[in-house]
Each structure stands twice: as C-alpha cells, then as structure tokens.
Amino acid sequence: MIPHPRKPPRRRDHRVILQFDYDCFYAQVFENKNPALRSRPLGVKQKNILATCNYNARNLGVGKLMLISEAKRICPGLVLVDGEDLTPFRDTSKTLFNFLRSHSWTGKVERLGFDEVFMGRRRNYPDHDRVKLTSPDVTDLVDYNILCLNRNSLSESFFHLSEQDPEQGFPCDLNAIAGCVAGSDTAHASLDDHTYLRLLLGSHLAHYLRSKLETDFGYTSTCGISTNKLLSKLVGSCNKPRNQTTLLAWKDDDVVEFMDAHKTRKVPGLGFKTAMLLESHVLGEDIDADSHSFNSLVTVGQVRQHPSMSPAFLETLLKGPGSERGVGARVWGLLHGVDETEVKEASDIPSQISIEDTYKGLETIPHITEELHKLSCSLIRRLRVDLLTADPNAEIPGSRKWIARPKTLRLSIRSWPTRQGPHATQAMNFSRVSRSGPLPPFVFDLETDIDCLAQRLVAEALLPLLRRLQVEQGHNQKWNLQLLNICAANMVAGAADDKLGAGRDIGVMFKHQDEVLRPWKVTQPTDEPSGGAVEDSTKQVPFGDDDDEGDVAWDVMGRGGRGGGHAPFRRPVDLTGVISVAERNDLVTLVSAITEKMHNDISSIFDAPSVSSVRDNGEHDPTWPSLAASRRHEGNETDSQGAVAQSSAVSSSDGSKTYNKVHPIVEKEERDAMTPQLGELRKEALLFFRKWQNVVIQRVREIAVIEPTAPMPAGGARGRGGRGSRGGGRARGARGGAGPGRGGLTLAFGPPRVPVNQMDRELCGMFPPIPNTLWLLHVEKRKLLLHVVLLLVLSLQDYNANARVFLLNLTSALNLTLAIYHGEELRISRALAKLALEYAPRDEAGQKAEEQKGPKRWKVGFSSPNPTSTIASALNAAGIGTINDGMVLSVATVAGLLGPLGDYGHLLGNIFGINAVRPTSKLLEACCKDVFDFAFLRVRDPTHSEYRDMKETPADDRRLRLVLAMSGCFSDVEDVVRPWRFLGDQTESYAVRWDVASITTLGSAVETVIRSTAWANATKEIRSRSLFASLLDNSWPDALLKVSKIIDNPWNWGMVRAEKVGALLADALVRHKFQGERAVSLIGFSLAARAIYTCLMVLAERRQFGLIDSVVLIGTPAPSESRVWLTLKSVVSGRLVNVYSEHDYMLGFLYRTSNVHFGVAGLQEIKGANGVENHCVKYLPRGHLGYQVLTGQILKDIGWDSLDADALKADMAQRRGSGRGRGRGRGGRA
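First residue of the sequence shown? That's 1 in the UniProt record's numbering, and the numbers climb one at a time after it.
No wet-lab data here; the hints were simulated from the structure.
Label-pair restraints from in silico Cβ distances:
| hint | residue 1 | residue 2 | range |
| --- | --- | --- | --- |
| 1 | PRO441 | ARG325 | 21 to 31 Å |
| 2 | LEU297 | ALA1207 | 51 to 61 Å |
| 3 | GLU345 | LEU191 | 26 to 36 Å |
The C-beta atom is built at its ideal place from N, Cα and C for all residues, glycine as well.
Start from the sequences and build out the full structure, keeping to the hints where you can.
Below is the structure:
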C-alpha cells in the first residue's frame, strides 16, 4: 500500500518562464502588409476553411476553423485573404524569434509553431533560494538585475540587459507588477520573497519585449509569466489580446485553485485521448472520440477531486501501447500545476516540419494518394531548404550536408463531420487523428529526384499509416477527408549543428578511416592455413624445437571483457604416460582442423546472395524479397501449389506507375546500404572467433608429453629436467616440463580418415567428422581425450557457445556418442558447481563497496598470495580426471588442465553466475522497472520457483548449458512454464515470465476471435485466395475486420512490450551476466519469438559474439528478409531454426499493420541465409495458439538434443486420446 496515494506533488518555484503568443498571427502578417485591414474584420482562408481571423471578426461571432460559407453568413462584411502559401508566415516567425533570442543570456528560447515562444529566464538551480553572483557563467538576466536592484528607489529602477554595457537596458517602475495579475493578492507581496521578485522583474521584461515587438516590427502579442511552462501558458490566455498576465501564488493551494477552474482539454500536456479517458472515468460513461467536441465537459478540479484519482490509478488508466513511463505521476503533477519540463535551448533547427492542406472532401484512395504525393514533394523540398547547409569539408566543392535528420513521420487527417440537427455548427468536430512511424532514410538521398522520392514515401510509409487509420475507423466507412497533414518530427541534430559537433563532422572522419587505421589493420598471419578444414587435416604439423616462437600472445578475448586473456600457465600440463607423443600431436592437428572449419563456417554465413522473389514474367519484386519462399516447386503438396498460384497472380497484377518506378532504386539502395554493414559484421565476427581459436590451439599445444626414449634424471623428477646422456638426445620440453614432445610428423595410426562405423549417425549428420586418426583408439582412450580437452576449454574461464560447438565437433570426430558428451558435461558441471557454492562469498551485505570491487576476472598467469591445490584435490575426489575403466589423472595433472580454476574458488562461481559484484537481485530490479511481472522460473523444479538468489540452485541442478524458454501468446497463466516441460535435465532450463497480464489478454482475445463464426468464414475466404495475397493487397474479409478491434490493441501493445523485453534480455546477458560465463540457448513462440529476435539484433549491434548457442523461433512476427537473418546468425554459434506455418492465418492478420514488404518469418521459410534452418508445421490445431501445445513435438522434429523422453511420450498419448494432430512438418536449411 502507498502511504499517501493522493499526496500533492512538490512544486519548485526557482524559474521564471515567459510565454509569448502573437495575436492572430496569420491575420497580423496581412495587416502589416496592408494597414487598412486593421480596422476591418479579416479572415485568412485555406481552401474552404477559415484558418484564422482577427479580433474584429471574432467580436462579430466569426471563429477560426469555420466554414467560409458559415463565416460569410455570420459576417457578410468579412474580408478574406488566401493563406495557402505559408512562406510569409514562416519568414516573419523567424524574424520575431531571432529578436527574442537576442535577449536571452542562457539561450533557452523555444519556438512552438509560428506564433508561440517560450523564454526560460533562469538556469536550473534546484534547492537554492538565493543565488550569489559568482561569474557570468552561473547567473542570467533576472538574477543579475536582482543583485543590481536599489530597493530605496524602486520607481526609478533600471533593468539591465547587458553585463558589459551598464547603459543597455530600460527604466521601469518596480513598485508594481507590469500588466495583469492572477492568483494571489499583491497586497501581501514582499521584495524579500525571491519568487515574487523574479516574477516582478520578469513582468517588466515581458512588457519591454512586447513593446519592442509592436513598435519595431508591428506585431502585438500576449504574454504569460509564471514559474513553469504549464502555468505561463495557461495564465497568458487569461487576458487576450495585447496584454500580459503574471500568476502569483503564495501557497500551493493558490496554484491548485487556479488549475481547478480550467477544462481538461485546455491543459497543455493532456492530449485528446488522455483528456477523453479522464472525462470518461469521471462522468462514468464512454465518450466517443469521433463525435466528442472541443468543448470539455469536465474541469481539472473535478478530475483531481475524484475519489479514485492518484498517481498509481492514473498510471493504470492511461497505460497502453507506446505510453510513456511514469505517465501517471506526470499527469498527476499537471493537475496540480506542476511541470518540470525545461525550455529547450534555441536552435536554428526546427522541432518539426509539417505540410498540410484542406479539401472539400477526399473520398477515394487514388485521390488521397495523389494529394499525399503533392504534400510529400513539398515536405521533401522543405527538408532540403531548412536542414541542408554547405559542407566545407567535402571533397567535391558545392556539396551540402544535413544538419539534422528527422526520425519520425506523422500522418494526420481530419474528416468532415456529419451534421445533425439545427445546432450542428456548434457541435462540429475538428479534431485530428494521427498515426506515426519511422521516416524512411531514402528521403535524405540528394542524388534522387524529389518526385521519385515522394512516390516511394507515399507507397512505403504514408499509405501503410493510412491503412492503419482505415482499419481503426472501420473498413466499411468511406473516406471524407477535410485535411491531410504530413509531419517530419523528432529531429536529431548532426555534427554540423552549433554546440553539438564542436566543429568536427564525424562523417568526414569515417570517410578516411581506412587510411587512418591502416597501420593498425589486423591481417591474417601468412603461416595460417587458408584452405578448408578437410584439406588442412591431411597436413601434418611439425612440432619442432621452435614451436612456441610463432604463437601469438592474445591479451584480450572478445568484447566487453568476455573471455579472459590467455598467457602461458605456470603449472605444466604433463600427460606423460597418459597419451603418447603421436596422439598428442594428432590431437593438436585435429583441434586446429576443427576450429578452422568453424572459422570457414562463420565466413560462409555471409557468402549467400540475398533472395528476391521472381514474378511470373521474370521480373524481380524487391518489395517482398522472401515471397519466393511461399512458392513450392514440383513434387510438393497440392494445397501449397494452389496457394502459390493465387499468390503469384496477385503479385504479378500488383503494379502501378509509382510501384514500378521505384523498384530499381529499392534494389540499388538496399544493396549499397546492406553490403558494407554485413561486411563489417563479418570482419568483426571472424576477428572475435580468430582470437578464441588461437587461445584454444595455444592451450592444447601446452600439453607436454616426455618421449619414452629420453633418459630421465635421477629420481624421475620432472621440473626443469636434466640433460640426457651424450648422444641420447634431449627430452622435448624438459625445461619446465611444459613443452611438446619431438616427433610432430609421427601419426598414431597412419593417414587421417573419417570414422567408418559411426557410433552416433545423428550427431555425425549435424557435425560431420573431420578426418583424423584418433577415432581408431580404444573408446576409453577417446573418452579421456574428450575429458582432457573439456577441462582445457574450461580453464579459459569462458564456456561460451563456440566452445560447445567445438566440443560437439570433437565428439563427432572421435566417433563418440552425444550421450557420452552429455555425461561428461553433466559430471563436470555438478562437480564445479558444488565447489563454486562452497567458495561463494557468505555475506556480501557486510562488505564495503571498495571491498567488493576489484578485477572482474583473475587474469591467467597472476597468482594469489597462497595458491593451493585444495580445489583441484576436491575436483579429483569428485571424479574429475577419472574415466570408467579406472584411468585416473593425478591431482597435479587435473590442476594443470584447469589452470587458475584449480586454484581460485571464486572463478568457479563466475562460470555459473555466482558473483557478489553482480547479484541476481539487482538484475531483476532493473528488469522490473521496465517490464511488469518479470522473473526466471525453474522449469525442472516441481514448484517452478523463481530464480532470485544465485546460490539457491543446488549443485546437482547446475549445468554448463543454459536454456531460456519464453511463451508469447496464451490465455492461461500456467502456460508460462507448461509448454517447456519437455526440456530435459541435460540443461539448466528457465522459463521467462514477462508481462503476464498483457500476454493473457492477448491470448484470450485471440481465442475469442478463433471461436467466432466470423473467423471460421474468414479462414475459408483467405484459404481460397492464399494468405500472401491478402497480405500483399491488404484485402481481408469484412467480417474479420469488424472484430479486429478485439485483438489489434492487445497485439500492438504486446509487440511494444516484446521489443522492450528483448532489449532487457540482451542487457541481462551482456551487462548483468545472468548466465555467468556459459552459453545460452533461446526458444520462444509468437511474441516471445519477437522478443528473442530483438535480443539477437541488439547483440549483433553491440557485436557480442559467442554468447548464444542455439535459437529456435516459432511463429515469429518478424521480417523474413535474408540479410536480417544473416545478422541474427552472426551472433548464434549453434543452430538457428525458423519454425513457421503457411496456415497461420491469425499471425498474417495480426501482422498486417506492420511492414509486410520484407516478408513474415512465421509464415514462410528463410532463403538466402546460410546456416538458418527451416521447419514447416503443417497442422495447427488451434491456429496461432496451437504452438504452445506443439512445442514438444516441434523440438523433437527439429532434433533438439536435450528433451525429456517420458514427457514427450505422455504428451503424445494425451494428444492422441484427445484427437489432436501431431503437427509434423518438413524442415531444411536456408
């Protein structure tokens, strides 16, 4: 419970804000051109609408946004002027703005539109009642005049406008506030009150500036003076025109009383929908947004005093898709007159650029498209005029560059209202409805013709926004548009903007980056093999006396501190008597060949060309690059052929002049834009892997085997060793006992070959074995080699995804089974986890912050003051170093294989995420701030308890592999965990719970629609013409569109939350290290797949390789474009599986408002992306909701290597008994 849920927010009166509003600005522009119009009723028209009018006309009953015919009826003598051209308004606004900006010391002057300006007269000094003048850098105009004030002669005061020139200013009488006063009585005013003193001075400054605007420029204005932007805006409207008002408030109750009298619609910061929701709640009835007038029915006082109102309740009431964080507290503050928003610094860059026009009535899509094209041309011209500047650093003279780029495109419409009754004029609705989306980057292409850019902008951005508006207002409702407005907003200034770039343009720096960085360019060593893995494995590596001289010493492994640096270990890894010299050499050869094959596999990911769908006439269709995935060739199912035929017909018929004209541009821009990005991604991925590869090979080469022919010194000591007898040869690696043995050209069993009788054909199919000789050894010897290499990899303190893929390849090459590998991994993980818990810190809370800080990882080669072999001995006692047939490695050997893990217990905890510096509680707190109801639930725990304390999980349940499974669409809370009960105990599995309320709402809505008659009829109609045809031309059954409101809002909200969860998940893996130093596999369906998709994109953007082992995305609402999936695959070391269904009509319908031009991964296979696997589910018993029932079967069909066989059998028996299908499908690689 919140102790004081209705406690008023705290007000701070440390600022003075002036809000200028030019009176009837459009009309004044014409009056200044023709002074004779000042005494006559004047109206500015745009098409058949009165945009504005002067006060002479308003006094006669004429109002702005009135029909011209209606205005002429009310005032026959009304003079009308055409205001279609906005250029004179824009130029005049800039002139007046520059004048006001010249009187600001802080530069805080913000322009809103053409006719409104905020001036912030004081810098932000929180919690200071008095400000001392220390230097011109820490004070401003008003505070300077406070210090210069002569209180004995207020009537003859002088307001200083400059610190350098004491004569620059104006005389004023400070005995009273200039202009009108609202709020408290001035009788109680005192100059000892610094708030009153600032407002007093601010009022006289406002009066001076208003007078200068009128005398020097001829424009009258109204001004509001208060302590924040909200109050100055409201109080400025109290006495219009040509006046000013100062709000005095000695107590908080005075401000509240002032606010309570205003209608909710009049409060700045409360949008149309917010005010509508507040009024609906207060009145207890639904208010139709389409018919509600501008005249608000409820005052701020009625809303504030409502019994249920509180910040927490407002947060619940106003939350929704895209809602801001903390909206409840912000609105609660506005209702009390509290507004902490700052006045932005003055800039030549406009906050937004918009173009609009009014019409008698646009009723058809072709007419709307034509007008949108005209507006788009005007918008692009405006962008080039206002946001381009000369580029002095360009190589080509006369070049221009963008000083800012808007990120958001907004489409606003206003429809003609339906008149009913004699008083329809007063009830007419002139509200706008808007939808926003990202502004396409091609708009900033200066080489392309404006007309062509406008055509693309209409086709790819504006028409999709218009379709969203059409869906929301009803598919059958005809257009009758009165106004169209397109706006480019959310400006992001470039380096050329003043005060932001400091005179340097980062774009120029990157043009010459190759030349600058050439001395540090990383090149492939000439002695590294360049061929394929198979060819390399047939070459024998000579292990001469100078082996180690050519090794590269890698100090850093990867990005962000992942994978500690590797230097030669002090303790030798002596396997003399365990393996022979030839076996040791063959092991090094095999490790080199496997890692080189992995390197080539990563490189080949980016070698696949992108796939564009081909129409029946042979032309390429870049607007749906993956549509070809929906087509089936000969030999496939009949129903698929029918669907493809329909889809092809629609695709071939879909073409307009604009559509065909932009195709070459789309292909060229996508190719030019994506190729360099993928090239850089490829370089960095290969660089990361090459570092890891060198560390692994170096570690294996440190294995020492003493030749049996070498004479041993007396007592058989192995330290520095002694020289053999004269002529007997010197023992290889006798110095320190760490060098490799002689005889690099010796093979254990002849030339390398692939295993003949494969023990695990399924494993060999996934990881084709490398030719070698070690598979001919006895099976127990091969197990020992796998065990040794596994310990060597763990000694790097980073069991990442590359390590696991490498060990699976090694298991296949040694002709061992996957079960053997799982057994070794399980045995080692339990032993390491047990000791990690024993050495975990007992009480982190009692330590000081300085004591908890320190190196995040002990670097290899650094020793602690008292290294011991206790950990190695305990591991040896737990069975580490022991093979089934009784082969046992000594404690010293185990300690040598583990490296620092055998000495320092806290390093074991780092592997499993047991780290006092990064407790799990802090991770969960960070996630819960942005996502409701976030938790990790243990799948194998019968109670599905939450993972909160990193030391709670028993050692027997710890694994070296982590799986995070996420559900994305369900109606039952139990389905957070239930679909993942099939995950076996070979992995440490967690179900991610996130925003359950939103997901269950979506699941219930989808289930309601699926059970409806409208859905049954709609699926038949969609099936008759194919799902892809409906997506391409956005044609859906009318009955389905009528019920779309049930699911569209929950779906859109869920998409927003899913992307938020994906970003948080990436942060949890990279920054918080929830998984420790282990690889993570991700599985999810529906919106959860979207979250995983976002997570992988964030990891790719941050270049975080080696974190993700395998990923399964089921029914993914994301693009199927090949280059997108190449980006995803770059951060997935193992398998990346796309599970889709061509019959998931619900997903296609839900995804229709997104950008379908790049395909839908959940509906089609991914082509043109090497390494991406596809699996098609032919039968979904419950449509999109069927995935949660089929997760076990899907994982089995794709060959997931860790499943609970008993749970699968029980599920199969249950589904057969209930008559459900198996949901089998076909699979393949992209």
